[in-house]
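2 protein chains.
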Amino acid sequence: MKTSLILCASLAALAATSRPATAVDEGMWLFNKPPASELKARYGFEVTPEFLEHLQLSCVRFSTGGSGSFVSGSGLVMTNHHVGSDMLAKLSTPERDLLATGYVAKSQEQELACPDLELDCLWSIEDVTAKVNADVKPEMSTGQALAIRRAAMSAIESAAREASGLKPEVVTLYQGGAYHLYLYKNYKDVRLVFAPEKQAAFFGGDPDNFEFPRFNLDCTFFRVYDDGKAITPRHWLKWNEKGVKEGELVFVAGHPGSTERAFTMSHLEFLRDVRLPFGLASLWRTEIWLKTFSDRSEEWRRIAEDDLFGVQNSRKALTGRLAGLQDPELMQRKVDAEAKLRAAVAANPEWQQQWGGAWDEIASAQAAYRGFYHRFSALGGGSLSLGSELAGVAKTLVRVADEKQKPNGERLREYSDSALESLEFQLLSPAPVYPDLEIQRLTMRLSSMAEVLGASDPAVVAALAGKSPRARAEELIRDTKLADVAERKRLYEGGKAATDASKDPLIALVKALDVENRELRKRWEDQVQSVERSAYAKIAAANFAVYGDSVYPDATFTLRLSYGKVVGYEELGRKVPAFTELGGLFERAQERREAYPFEIPASWANAKKKLDLDVPFNFVSTCDIIGGNSGSPTVDRNGAVVGLIFDGNIQSLVWDIAFDEVQGRAVSVDARAMIETFRKVYRANALADELLRKGPHGS
Amino acid sequence: MKTSLILCASLAALAATSRPATAVDEGMWLFNKPPASELKARYGFEVTPEFLEHLQLSCVRFSTGGSGSFVSGSGLVMTNHHVGSDMLAKLSTPERDLLATGYVAKSQEQELACPDLELDCLWSIEDVTAKVNADVKPEMSTGQALAIRRAAMSAIESAAREASGLKPEVVTLYQGGAYHLYLYKNYKDVRLVFAPEKQAAFFGGDPDNFEFPRFNLDCTFFRVYDDGKAITPRHWLKWNEKGVKEGELVFVAGHPGSTERAFTMSHLEFLRDVRLPFGLASLWRTEIWLKTFSDRSEEWRRIAEDDLFGVQNSRKALTGRLAGLQDPELMQRKVDAEAKLRAAVAANPEWQQQWGGAWDEIASAQAAYRGFYHRFSALGGGSLSLGSELAGVAKTLVRVADEKQKPNGERLREYSDSALESLEFQLLSPAPVYPDLEIQRLTMRLSSMAEVLGASDPAVVAALAGKSPRARAEELIRDTKLADVAERKRLYEGGKAATDASKDPLIALVKALDVENRELRKRWEDQVQSVERSAYAKIAAANFAVYGDSVYPDATFTLRLSYGKVVGYEELGRKVPAFTELGGLFERAQERREAYPFEIPASWANAKKKLDLDVPFNFVSTCDIIGGNSGSPTVDRNGAVVGLIFDGNIQSLVWDIAFDEVQGRAVSVDARAMIETFRKVYRANALADELLRKGPHGS
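Quick note, the sequences are listed as chains L and F, same order.
Note that the working numbering has the first sequence beginning at 1, numbered continuously upward.
Note that the working numbering has the second sequence beginning at 1, numbered continuously upward.
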């Protein structure tokens, strides 16, 4: 039969094209679809439901955009310093600079309540793909289908919330190939327990960021409270005192933010030629504006420090990502992989009929997006982001008031009923707002709007209201009342009547920009997002049909499992060992003449004699991670902590697009270095004891 | 008569519209058209031919892009440290870092010969407008007229060179309204005499750059030699030991680089919405790439230091310029001025007939330029600039070989016979070239080319030759032989046959890009430059007719005279005094905790007790300057040195577009601070003595 011949041909093509996933430690796997066969084949490891449940329920997601884990029976949570630094900044004042000094709570009474930090622990996962797609009809446009799915997702979330009391989130996987309902236990009373000074956490600063060898104590500990008491989590990770050795299998459980590995060529070209260049230019601008702001005074340095770190970190990440996209060899591998999948689909008439058009559909979506991407981005993008905290407050107030007028299923996703509790918590945060920094941020955004759109553009003219970007920013921040949380509360509770009646200049600014912004968002949903969802669902189906279901979805800032081994690599003909030691920090400082940012932290200089300088400090592994994984626990075969993910090396930055373990590595703080320094540098013996205490899940 | 009525109307309009030039100390005046009546009216100063000749012949232009002046009868030349820093870097090695240590020659024998520094002293000026336009016919297209003028300019230069032995340059003034022949005495044997350490010259670094109050000893001294001996210049400036006082009249004679004050609105909008945003994004990219490069090691910091300073300096300047263009109030003044001139022209039918179309012609040129500006810039612009020194060498070799095939009058201007001597001197410079920095520069440019044009663009594909930007840059710099001056000489002397036969990869890269680049340059000349020249000539004529001839042309990096008074200003309600004192450096350092870049130079710390801390250090004046004026002498009514221009304050950055003396100020090093520190900090008594020695032009 002809069909079977074609099938044979496609299977033959397959044999040659089978994905390299099993040849390397690739994959950010779903907890409900773990890489069982790969682990068995490569490491002889049997992944059990108990292992997965224990890890899953020990992990948390930080609302500041990172990962963490419970590491004691008393609600202690471990994450990175650079994940916690937003809170450290918010808990600081000119007199108490926690980034500069670090913090050690001597007792639970001294633990500092964070103003607006939320942790989410993934409680359950359910595949709701069929429910989400239930009312989608073949004759619908992609835009109609998107609206139907959106309504279904909101309805599923509302029902789940009602039934469970948990925080629901329908997650779009495989760019639209599947929909899973995640239910989270949400924690809002989170307190600071321990942080080293930034000079120890981020020794080497921007110059050494994303580099290896490294010497960073990039950790911070919080504790979760409920009703005034430290909680007792159902699961928490024990500590492996002996640590890990080169060659051993390790796992990382965390929340990788986003990857674009399954993107089609036209989509990658859009990233390469449009989105990343625009994003990078915006980061360069922001970095330089923030740096010149910081340079003007010690206090301005302090208040802009966390922003500046974030921008520099993103800039390095995007630079590496763009370099990957601009590498013709890497792109050729992508071209080849796409061609093989398309050939396999084309070889089966039924598949071709169902899925064959997907690649061209995505190309047409990218072409459409090129026509308005710059304008949309300059006007704040889908979330109408204007750079300033207070403009963000104004945006939330205006949009939530408008959206609440609509039925739940018709709202913008971020204003659905299930999102409002967190939204309100963030909106009414008592965290400090710095007018000087706000003016700088807003000047920056107004100026960049004028640069991108031209200063005579009606939207720019409306935003500037006859002033220069700086004069306008000064006026807006001087005259707004939104720094006052009580005023925010009044407007939030007053709903649309209150925002309509408001004369606040930031509210007025948002209203002036929101009409066009919503039009552009609608255009994006209709011409880009919905087309992508529909087409990627086809590609996902094609992938499953051709390669079977052992395909993991691109990262979505939801819980994933990665695995790999601790192993060094070669660079410029030299061997880079897997581990560094505590003593390396002192050597690196000397090599760089202790000039900024290579100064030895004073606490370390004082403790040097007591420290065991041979204790492993940082180590690399082949675990597949990306931004968002920061703060993830690195665990051994028993699920015990051996390290704390805090970075990837420079060669790992292309992992966004394609995993490769020749040189790319994930970087962890070694668990042994934490205990050693907690005891000998920070006199944080209580913390060390708590980590080593054997609990119900201890061995 | 109708005409006279119209004339009366236009004169009446005039009365209301007369330029504010006499109300403020505005103007970068030609030495052959000095602001005699303004000086008389505002300061009771009679400007004499002797005063002008003395100043003119005492001034020099630096090939590194700055100004300077003879300050002794033995060929001593004063300029800024940041003008001389390019030479300081080229004279440095890993073991001898002149930027870090400074340099004091104890005798003429110790003076260090610079590898490729040229000084030009303006010997004579002749108006050749009629000659340049002699063969232009009304029926010609603007492109044809441009070619005719270009041929005439080259012929005038060749003849002048033949007749005088001097270095000729036909300067385009008033954007095409006039052409003057400048003849320069050119000096190529220039040696380093004195430089302070950069920490004293550039105390406060980028954070304090363009700010005031300032505390900078931004000076460097060279000496001009001829035939192995220090020259005896015909004119040189004496030193005013007593210095200047607040309120006194001062002059600045120097080479302002370029301004855009006479630009039409459409041209300013092009700057604001296209050229400056693109230029700034390019500076941001370069600054961050160079900064991350510098941060990797002490040696890389040293070799990139001068590049990084240049980029940061330009970035601040352009940021201020763009802020001015984005200020609706400033732009409204420009709109009003243009409307008044156009109304005055329109009111006279003959004028309207001759000149009335000029503004629309310029608008159409800008519209045309918008269509290919980004592409042209990304491909290196008119000069095919590729960021790297060695790629620049390759460009020069390829282009000069091609251009020499043509008659002198048909060549690109920069390859005309009169330009070849300097071109050869620069091309065969023995200055060091650093491969690591070259790779970084080239990676940066290849990557930005891909960002702007898209990585699939044929020009990008050709430039990358299947490699990533970094891999390609590494290959090009590894394989080129152009670091070898002998190879450059061989190719230069071998002409087109040699470059055609060359297999050098950088030569090949340039050839691959030059075809399209030349097409774009031709398009720019035909559709933009020639149209602007023709239209601005009309506007200049209109300006002369309406406002008389007391109009100065925009800056062209040629010698100009500015005047003003020493006076402070108000900022944020506080008085900013005109002078700072030496002691202020120590106070500012303390205020900034002596953190980088506010460390007290070690030599100053050692000398503090001896120093008279009350000696004036830096001062501000209303003299009208811009980039290129760096290193200009500030002189008193007698033409004696009272200071050394090194900066403008942040409020002066909009002077590029419009002068304003409410807060804008030029900043000078005080002559007294130089003598005091030369003697007490640097033990450079011979230099101080030479400056104070009375010569033939001394009082």
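Errors might be hidden in some of the hints.
Which copy? The list can't say, so a pair holds if one copy fits it or any two copies do.
Claimed, not checked - Below are the DMTMM-like pairs computed for lysine to aspartate or glutamate, each with C-alpha atoms no more than 20 Å apart in a straight line:
1. K496 x D295
2. K522 x E414
3. K245 x E475
4. K467 x E571
5. K334 x E53
6. K467 x D660
7. K404 x D554
8. K467 x D336
9. K185 x D127
10. K496 x E350
11. K229 x E475
12. K503 x D402
13. K185 x E126
Worth flagging that the hints you see were computed from the coordinates, not collected in a lab.
Of the numbered hints stated previously, which ones are contradicted by the structure, given in increasing order?
-> Failing hints, ascending: 1, 3, 5, 7, 10 and 11.
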